[in-house]
Structures are given as C-alpha cells and as structure tokens.
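*Asks:* As they're listed, the protein sequences go chains L and B. At position 166 of the first sequence the residue is numbered 166 (our numbering), and the sequence of numbers has no breaks. Take any residue in the second sequence, note its place counting from 1, add 1000, and you have its number in our numbering.
There could be a bad hint or two in this list.
Said to hold, decoys possible - Restricting the straight-line Cα-Cα distance to at most 30 angstroms, the calculated cross-link-like pairs of lysine-lysine (DSS-like) are:
(1) B/LYS1106 x L/LYS41
(2) L/LYS49 x B/LYS1056
(3) B/LYS1075 x L/LYS106
(4) B/LYS1126 x L/LYS56
(5) B/LYS1145 x L/LYS106
(6) L/LYS133 x L/LYS107
(7) L/LYS84 x B/LYS1040
(8) L/LYS77 x B/LYS1107
(9) L/LYS46 x B/LYS1056
(10) L/LYS40 x B/LYS1126
(11) B/LYS1175 x L/LYS77
(12) B/LYS1099 x L/LYS106
(13) L/LYS99 x B/LYS1175
(14) B/LYS1133 x L/LYS41
(15) B/LYS1175 x L/LYS84
(16) L/LYS46 x B/LYS1133
(17) L/LYS40 x B/LYS1084
(18) L/LYS31 x L/LYS106
(19) B/LYS1084 x L/LYS99
(20) B/LYS1077 x L/LYS41
(21) B/LYS1075 x L/LYS99
(22) L/LYS40 x B/LYS1041
(23) L/LYS107 x B/LYS1106
(24) L/LYS75 x B/LYS1056
(25) L/LYS31 x L/LYS89
(26) L/LYS31 x B/LYS1041
(27) B/LYS1056 x L/LYS77
(28) B/LYS1126 x L/LYS175
(29) L/LYS75 x B/LYS1171
(30) B/LYS1075 x B/LYS1175
(31) B/LYS1089 x L/LYS99
(32) B/LYS1040 x L/LYS40
(33) B/LYS1056 x L/LYS31
It is worth saying that the hints were derived from the structure and are not from the lab. All values derive from a computational prediction rather than experimental measurement.
2 protein chains.
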Amino acid sequence: MSYQYNIKKSNYANRGMSLEDDINLTNEYYKVNNIALIYKKPTPIKISKVDYSNSKITEAYFASPSTLDYNGIYKGKYIEFDAKETQSKTSFALSNIHKHQLEHIKKVLYHQGIAFLIVRFINLNKNYLIPAKVLIEFIENNQRKSIPITFFEENTYNIDIKYIPRLDYIKIIDKLEV
Amino acid sequence: MSYQYNIKKSNYANRGMSLEDDINLTNEYYKVNNIALIYKKPTPIKISKVDYSNSKITEAYFASPSTLDYNGIYKGKYIEFDAKETQSKTSFALSNIHKHQLEHIKKVLYHQGIAFLIVRFINLNKNYLIPAKVLIEFIENNQRKSIPITFFEENTYNIDIKYIPRLDYIKIIDKLEV
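Chain L extracted, bound-state conformation (with noise of 0.2 angstroms):
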C-alpha cells in the first residue's frame, strides 16, 4: 500500500513546528537578512530502478546518514550540525548519534570546522546547543548512555523559540571557543 509523503508532512503540522521546521525557518531568515548560509543536506537516497522514459525513480530506499544534517557558512567559517528530538524528560539517550556521526564530527573539528547538535526535550520546552567538544568530552568521560538534563542545564547553551527568527543559534557561535 502507497501513501502520499505529504500525509506525514500534515501531520507535523497538526502538533506543532518540528524543530527541522523551525531551523529550516531559521535558516531562511539568515539566508534572506545575508547573517549565515545554512542548508539541510537532501536526506542520501539508494536509487534501485529508474524509468529513463520519463525520468521517474520507481524504487528506491532511504539510506543513513553518515555525515550531519545542516551545513554551511557563517563567518567565513564551515559549520555543521544535526538536530534531534527526544521526548524524554530527563536526558538525551547517546544512540541518536550513529557512530560514524561521532568520528564525522571529530573530523570537522580536526580541520577546524564548528560543529554542534541542537537537542530539543519536546516535553520540557526546551532546546540546548552542545558544542561538539562538549559532547566528546561528555562521551569520552562517562560510561553512561544518555546524557542527563542537568548536564545540558550546566554544559550546554539554552535556545528560547522566538517569533523571528525561530532559533536563533547562529549568535551562540561567536560564544564559542574554536
């Protein structure tokens, strides 16, 4: 049975801006006011068969990831992140990011890129930056599977949802150390 890809798009719609939806927003803002130029990556899709007579992908698979979502420019500088979601209240479970994920972001910060997650707790309202070093630092010095809130309260920058732009993380990076 086919359904219509745009029958999950409503969805989204029906509770709330996802927090792709509010980067992608912000994103536009600071591409449209020339503050940052951010893109999502096209999500990396295994292409099985092609109709050439019409140019129509018949079957094809969705692959992961093995680099971050969003990449860009700010600054002069490359910048790359992932966003996520969890709907825990009381911390962010390590297994949202595959392991190449991690080796990927130690190599942007090898080549002195700036990297981060922005994590959304859905259910706590509330949305961290974790700078990459931060995180491997984290992941390096626990044996535990999650990180706790308390740590982000403590560790990591609070991003509040505004009108315009949505989530504004770009002015959290002049912040940071690189």
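Since the structure of chain L is already known, use the hints to place chain B on it.
*Replies:* Chain B alone, transformed into the frame defined by chain L:
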C-alpha cells in the same frame, strides 16, 4: 520500461573515469589523509509516493540543485564547488551554470567562503579550476554566452590528472585570494 540505475554507472566505466569519479576519489584521498573534508551532496530528489510498509519509495523525481554539488572544509574554511564537463574544444557554455547557482555562488563569496568550478574539456584532456570571482567578473564584463578556452588558459588554474590523488585541486586553494 524500467532500467537498473547501475546500467548507467557501468557506461561511465566503459568510457573511462568521469570527472565526478575523479573528484570523488580525490576527496576520499583528502579524507583518509586528513587534508580536507569534502563531500558530494546527495542529488536532491522530490519524493511523491512512499510505501511505508517497507519504507520503499515508489515514485520520485530528480530535482535541480540550487547550490553547487560539492562542499566541505579545508583549513577551517568553507569550500563549495561544482564540476562541469564539456565536449567542446573551443569554449565552455555558460548555460551549464543555472541562474540560481550563480546567485548562490555570490552569496558564498559574500560570506567569505571559497567557491569555484572545475571544468573538464573532455576532448582536450584538460581540467581547469576557475575561481568564483574570475567567473563572475567574466560574466559581468562580457556579452558572450560561453567562456573561450583561451580565457581558461590565461586566467584559470590548470590541474593535471595524476595517479594519486587523481585531481589535486586543493593545493590551488592556498594560492587563491579570498
């Protein structure tokens, strides 16, 4: 009628390495040797129908990109470029560059990123790196619909194909004024 996507792939093999293949191999070399981190963006695809019972995409179409195909990081700097092949022995048609791509290139320069095209003249066995600034100056100061080969010879950077890395474009970046 549906063809397998890999039929197209094997055609590339038959007629030798495509520019895209050369760049992908070069980027892999840069990655493994910690020189730079450059990725080809997934081709944007507009998904029309998904069979959620097995996460299979059953109808989708190729969308035209509004940015350039490759981006990444080199020495902390944001890099973005596109690869273009031409059969012509005399010039490179500007119709190869979409209007929205040109607008995008200007935005990358505004944000102090490094942008360029790698142009392959297939039948001349020649590859040139043309910096965005040089490209835009040409377009804005000429009525021509194509860039003659002599312009490439005199105003851009020649890149010779080597065994490894195939197309060592990154060392040219060090010479660019940005």
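*Asks:* Could you tell me which of the numbered hints above are not met by this structure, giving the numbers in increasing order?
*Replies:* 4, 5, 10, 12, 13, 15, 16, 19, 24, 25, 27, 28, 31, 33
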